[in-house]
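Visitor: With the hints as extra help, turn the sequences into a complete structure.
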Amino acid sequence: MFNNQTILITGGTGSFGQMYTKTLLERYRPARLIIYSRDELKQYEMSQKFNASCMRYFIGDVRDRERLMQAMNGVDYVIHAAAIKQVPAAEYNPMECIKTNIHGAENVIAAAIAHNVKKVIALSTDKAANPINLYGATKLASDKLFVAANNIVGSGRTRFAAVRYGNVIGSRGSVVPFFKQLLADGADSLPITHQDMTRFWITLQQGVDFVLKNFARMQGGEIFVPKIPSVRITDLAAAYGPNKQQHIVGIRPGEKLHEIMCPADDSHHTLEFDDHYVITPSIKFFGRENDFCHNSLNEIGTLVKQGFEYNSGSNPHFLTVDEILAMEAEA
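Each residue of the sequence shown is one higher than the one before, counting from 1 in the UniProt record's numbering.
Hints listed in this document are in silico derivations from the structure and should not be mistaken for laboratory results.
Watch out, some of these pointers could steer you wrong.
[To be verified] Taking lysine to any residue and the SDA-like style, the derived pairs with C-alpha atoms no more than 25 Å apart in a straight line are: (1) K42 with H194; (2) K180 with Q205; (3) K119 with K180; (4) K144 with F286; (5) K213 with N133; (6) K118 with Q18; (7) K118 with F292; (8) K284 with K49; (9) K227 with V249; (10) K49 with S15; (11) K284 with Q205; (12) K144 with D64; (13) K284 with G307; (14) K49 with A31; (15) K180 with V249; (16) K144 with I283; (17) K99 with K144; (18) K227 with L140; (19) K22 with D76.
[Claimed, not checked] Cβ-Cβ distance ranges computed for the label pairs, FRET-style: (20) T302 with E96: 38 to 44 Å; (21) E323 with K244: 40 to 46 Å; (22) D196 with H294: 38 to 44 Å; (23) F178 with M1: 34 to 40 Å; (24) I300 with A329: 33 to 39 Å; (25) F318 with Q86: 24 to 30 Å; (26) F178 with G74: 37 to 43 Å.
This structure is a prediction, so every number in the text was calculated from the model and none was measured.
C-beta: ideal position from N, C-alpha, C; glycine also.
Guide: Written as structure tokens, this is what we have:
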């Protein structure tokens, strides 16, 4: 699919963008691979690691529609990974979060349609389901924008979808690097926000592979959700600091006790496949009908039961302490 194609990654110098770049270069022969981000230092550092002849580094912000229009000229596929992601930072800087996560999404959509891009996948988050924090609310708005873009495009060819998943092992902002740094600094106790807190857990490579596969699956308008395990925050602390005490510090501003990826209120739009769920659009698209129960990979989905909710606290698959460490070793 990506051989001899031009791919653009917004926020491409982040953890996801770098793993996506590594995977694309290993598996495909893209004509051009454009890294679009606003931090020139991170671009310089990334260019020392990834300098294939197809690589292009564009300095720009998703808030800047004119620059996005320039960068997206001739692009076939877009992965929209740029976002303000830190929950407390968003709570304290709400307008900055809105400008990047909502207005930036509008700009990506406009540029993709203007340049007749084939497919766009936007990275979402479990925090966008029944959001209680501003980050989640802006990503829910972004999800709605990307779904509706399939109607805005009219008879054009561009298709838009979103991918929603949970916490990524070892990514920036993850609790794992934080625990490791505390232990390296000699901490004799690890801070726990709440003894009952749970999260969905996925490796960076699993996230990248899921996005890659969904470019083949997507018809346009879907929110794809992988079936992944949950972890308890107490088990995470026990995995990385097995002989350390744990102390409760309280839930941070905007945090949930458990995360949700498929809300019960969307159950009448949610399809279950063997290894993922699809939340289908609640709106009708101009000039086309989609059978989201069947995709181009010949996978068949069925509607979930009314009231079904995919919740990290009630997930049937929880990782043990040993499995947490094994999963990181494979990451």
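Visitor: Evaluate each hint against the coordinates.
Guide: Structure-based check of each hint:
1. K42 with H194: 34 Å, violated
2. K180 with Q205: 21 Å, holds
3. K119 with K180: 38 Å, violated
4. K144 with F286: The hint holds at about 16 Å.
5. K213 with N133: 30 Å, violated
6. K118 with Q18: Satisfied, since the Cα-Cα distance of roughly 22 Å is no more than 25 Å.
7. K118 with F292: 19 Å, holds
8. K284 with K49: With a Cα-Cα distance of about 44 Å, the restraint between K284 and K49 is violated, given a limit of 25 Å.
9. K227 with V249: At roughly 30 Å apart (the allowed maximum being 25 Å), V249 and K227 break the hint.
10. K49 with S15: 13 Å, holds
11. K284 with Q205: The given pair, whose Cα atoms are some 34 Å apart, is violated under the 25 Å limit.
12. K144 with D64: 21 Å, holds
13. K284 with G307: Status holds; Cα separation ~22 Å.
14. K49 with A31: Holds - the C-alpha atoms of A31 and K49 are around 19 Å apart, at most 25 Å.
15. K180 with V249: 18 Å, holds
16. K144 with I283: This hinted pair holds, its Cα atoms lying about 10 Å apart.
17. K99 with K144: It holds: about 16 Å lies between the C-alpha atoms, which stays within 25 Å.
18. K227 with L140: With Cα atoms ~20 Å apart, K227 and L140 stay inside 25 Å; holds.
19. K22 with D76: Judged against 25 Å, a Cα distance of about 19 Å means the pair holds.
20. T302 with E96: 38 to 44 Å: Holds, at about 42 Å.
21. E323 with K244: 40 to 46 Å: Because 19 Å falls outside the window, the suggested range is violated.
22. D196 with H294: 38 to 44 Å: Roughly 40 Å apart at Cβ, these two residues keep to the hinted range, so it holds.
23. F178 with M1: 34 to 40 Å: Taking Cβ atoms as reference, F178 and M1 lie about 37 Å apart, which means the hint holds.
24. I300 with A329: 33 to 39 Å: 34 Å, holds
25. F318 with Q86: 24 to 30 Å: 26 Å, holds
26. F178 with G74: 37 to 43 Å: Hint holds: Cβ distance 41 Å, inside 37 to 43 Å.
In terms of the numbered hints stated before, the structure departs from hints 1, 3, 5, 8, 9, 11, 21, listed from lowest to highest.
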